Structures are given as structure tokens and as C-alpha cells.
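Undergrad: Position chain B against the provided structure of chain A, taking the given hints into account.
Protein chains in written order, with numbering that gives the first Met the number 0: chain A, 0 to 230; chain B, 0 to 247.
By construction, these hints were calculated from the structure, which means they are not laboratory data.
Quantities reported herein were computed from a predicted structural model and do not represent experimental measurements.
It is possible that some hints are incorrect.
Just so you have them, the derived chain A footprint on chain B, three or more residues with Cβ under 8 angstroms [unchecked claim]: (1) 21-30; (2) 52-61; (3) 76-87; (4) 96-109; (5) 133-146; (6) 230-239.
Even glycine gets a Cβ: it sits at the ideal position worked out from N, Cα and C.
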Amino acid sequence: MDQIRIIKTVHRFIRNVITTSKYTYSFIFVIPFLFLPILIQKVVITLASSPDVYNVLSEDKILEVEKQLRLEISKLNIKLDGKIPKSNYLIINTSENDFSLYKGKKLIHKDKCSTGSYTLLKNGDQQEWMFKTPKGEFKILSKTTSPIWKKPDWAFIEVGLPVPSKNHWSRFEYGVLGDYALNLGQGYLIHGTLYQRFLGLPVTHGCVRLSDANLKLVYTSLNQGSKVYIY
Amino acid sequence: MKKFKYIFFTLIITITFYVGLSPITSIQEMERLIQEDSTSSSEFYNAFELQTSSHEKAFKEAVLIMSANDSISLIINLKDSTASLFIKGVTLHSTKISYIKIDPIITKFNTHVYQKLFGKPLLISKQKATIIKEPIVVIHAPKDTLEAALNAYKPDTLIQNPAYIQMKLEHNLHIIMEQEDNPRLNDIWTRFLFRVQNSVDNSLENLINFSRLRKPTYHPYIQIKIPVDDLRSIYRALPNQPQVVVYF
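In isolation and in its complexed conformation, chain A is listed as follows:
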């Protein structure tokens, strides 16, 4: 509605300016002036050429340099290919909430996952937690089966429960992380979920959640030290 109101106001203003005989001449004069700088720029660009530093080389010289350039390009290609991990690696897209499992340049599997919800949980003025998945290059630091979740303070605060002591029994929850967990460091894991219907949506506290089948595939495909790229 605001857009329509703005368009109507602009239209009314232009109509008034044109129909008022005092301003008609000025208006007709000003309009082409607005486009004049663009026109001059186009003429300048058309006339301009970059500084003339061309050298005339003989055909033999050109072929020789071309050969040398091709050689240097192939060396650069080898160097660049050497940067791609040879073993399996994982790429996670936090905007689309999907993951791709690669071996070298070959895509092995692609499916949905869940990543950080971009929620900022505030507990008064003292404490706050940002639930987002970090971006960049990571390594699998460790792998575990049947992981147990040791609930951090925010897990109690976000559901309105009092925070228990550090090793209180209520902090330990079994089965919620699925059958496997892969540790990315700084408290971030790749794990399973009970909420499979939320896969493909940004709902986590920063970890990456996968379906049971995908988790098994990722767990078996990646080893300790395997690369994980998150963007």
C-alpha cells in the first residue's frame, strides 16, 4: 500500500509541475540535463582506449610464448588440483540447509540437513547465546557411537528450568543425538535428531543435524582429520 501511495504522490507532483505554465519550460530543460552526464560518460568511454603498450611480436615468438604460457597454466592447474582433498569431505550449506559428500571432485551424496537457527537467546543482561553454525574449514576431531548429550546451561534456560550443577544427572541425555556424532570442535557436532521433520530448516543450536541414514553414511565415509567445509 505504501508503494502505491508513493507512486501516486510522485505522479501528482510531476503532473502539477508540468501543468503549471511557469515551470513547464524549466522542467523540459532539466530532464535532458539529468541524462547528459551519462551521455558524456558513454562518449568518453567509447573514445577512450587503454594506454598503448602493445608490442609487435613475430609469429615464431608468439608461438613460443603461447607454449610457455600453456605450460605455466598446466603447472598452476596441478597446484590447484593438489589443494582438493583426496579423501572424502563434507560441504554444508547453512542457507539452504543441505549437505554434499564428496570424494575429490566427485559428488557422492547430497541431501537435507539442519543447521543453526540464528536465534539470540538472552537471559537478562548478563548472559546471551547465539545459535548459529560457524562457517569456514573444519576437521573431524573425533568420532563417537551412541553419543550422550551433556546439556549446557542454555538448554535449561531456554525451556525455563533452573540450571543444575555441572555434573548433575539431569544434564545427561541419552539417544537424542542419534547413533553417531562427529566432533568439529568448540562444542559443535554433526549428529542425528529426533526431529526428522525439521530437516532442511534452520532449527539447531549450532550443530549440524542429519537423518539416521545420512548420519550413518557420513560417519562411515569420514575419518578423523577429514575436512568439513561450512558456508
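TA: Chain B in isolation, oriented as in the chain A frame:
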């Protein structure tokens, strides 16, 4: 009164030519780049026949330099019509560019200028977009379990705004990335406002330069259009001051 009118029109005409002639500053900047370069080997790459190979070499060298960087970077490959996210030698995401428009002043640069300009990663100093980088939702801790149950987080597909991005690079270069489809009136309106705002910003910058008796600024641009989902992924993945490699 008549005197003021003449002064006013003289000022308008001066500013018009001041802005109109601004591409000359870009050309001067490129001349300066070449003059700074005293390497003799570059003379071979200025032959027209070697242009394709030397552009490719410059591109590969730039990508190799960028692969040493720890953060996510951008590759705009206009030869392949692809825009890709890149980190440490690995392509994270790649998308097809459906529309390319290059400022004629850039295509006029010879291979020597091209190498100086695009033979290394360029730093994006400023990003401007119609979407937010991190769609943060603030939630206050509930007092008890009852309040928590009432405010339980309901995942949503999020309201997605139209995506138009402008990136300011070194040497006053601009990369404009736009969503390829504009199916809704809101998309067209947002694009219109985005473009008007860019024009106003450029004009204001030149007016300030004029008032301070500085040279005018011209922003050679590369405009591309890609699918909206890819555009959001790319924008949100890039850090605040990422590097970019351009190849054409």
C-alpha cells in the same frame, strides 16, 4: 536575480561535465598501474594473440593466491558464466550466471592492465544488499516452563526478501549481483529502489568530490544475474571483507 540564474546554470553545466568526464579518472588510474610496473616480462603478454592464454594464467595465479586465504572467497568466472564460493582450493558452491553486463571501460583495458588488475584477488571493501547477512531472531529466556511452552520456537521457511547486492572492490570497481527473476511487484520495486539508491550514492560522492575540488570518481562495473537462492547463499557465506577473483 538574473546574475544568480547565470551562476546557477554555469554551476549545473560544470557539474554535468565534471561527472560526465569521470571515466577519464579510471583510465588515469590504469595508466598509473602500468607505470608502477617495471617488469620487462609483461611485454610478451601485450600481444593480442596471447590475450586468452595470459588472461587464463592471470586467473589461475589469482585463484592460487586466494587458496592460501582461510576465509570464504568469491570467484566470478565470466568465461564459464559461473559464480562460485571458494575456500582453500575447494569450490563450495557454484551457480550459473544467466546475464552478464560489463562496463565497456573494463573490456577496453589491454592485457597488461588486465593482469595488473585481475591477476590477484581483489578485496571487497564494502557490501550493500537488500537482504540481511544474518537473520537473527532475539528470544528472551522464559521465566518458567509454562512460558517456554507458549513461546516454543516454530520453525518457519522465513520471509525471503528480494536479493540485490552491490560489492565495492579495489580501484573503484563495482560488482552488482541481482536475482535473475522478478516475478512479483515487490521484486521489481526493490530492484528499482536499489538501482536509484546506487545512482544517488554515486552522484552524492561526486558532488562531495566536486565541493572539495577533488577528481571525480567513476565506478566501472560488472553486473551479473543469478538464481535468488544461490545469491542468498553466496552473500550470507561471504565474510565482511572477502576476496574476489574475476575472470573474463
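Undergrad: It remains to establish, for every hint, whether it holds in the given structure.
TA: Taking the hints in turn, this is what the structure says about them:
1. 21-30: holds (count 6)
2. 52-61: With 6 residues close enough to chain A, the hint holds.
3. 76-87: holds (count 3)
4. 96-109: holds (count 6)
5. 133-146: holds (count 14)
6. 230-239: Since 5 is at least three, the answer is holds.
Hint compliance for this structure: no hint is broken.
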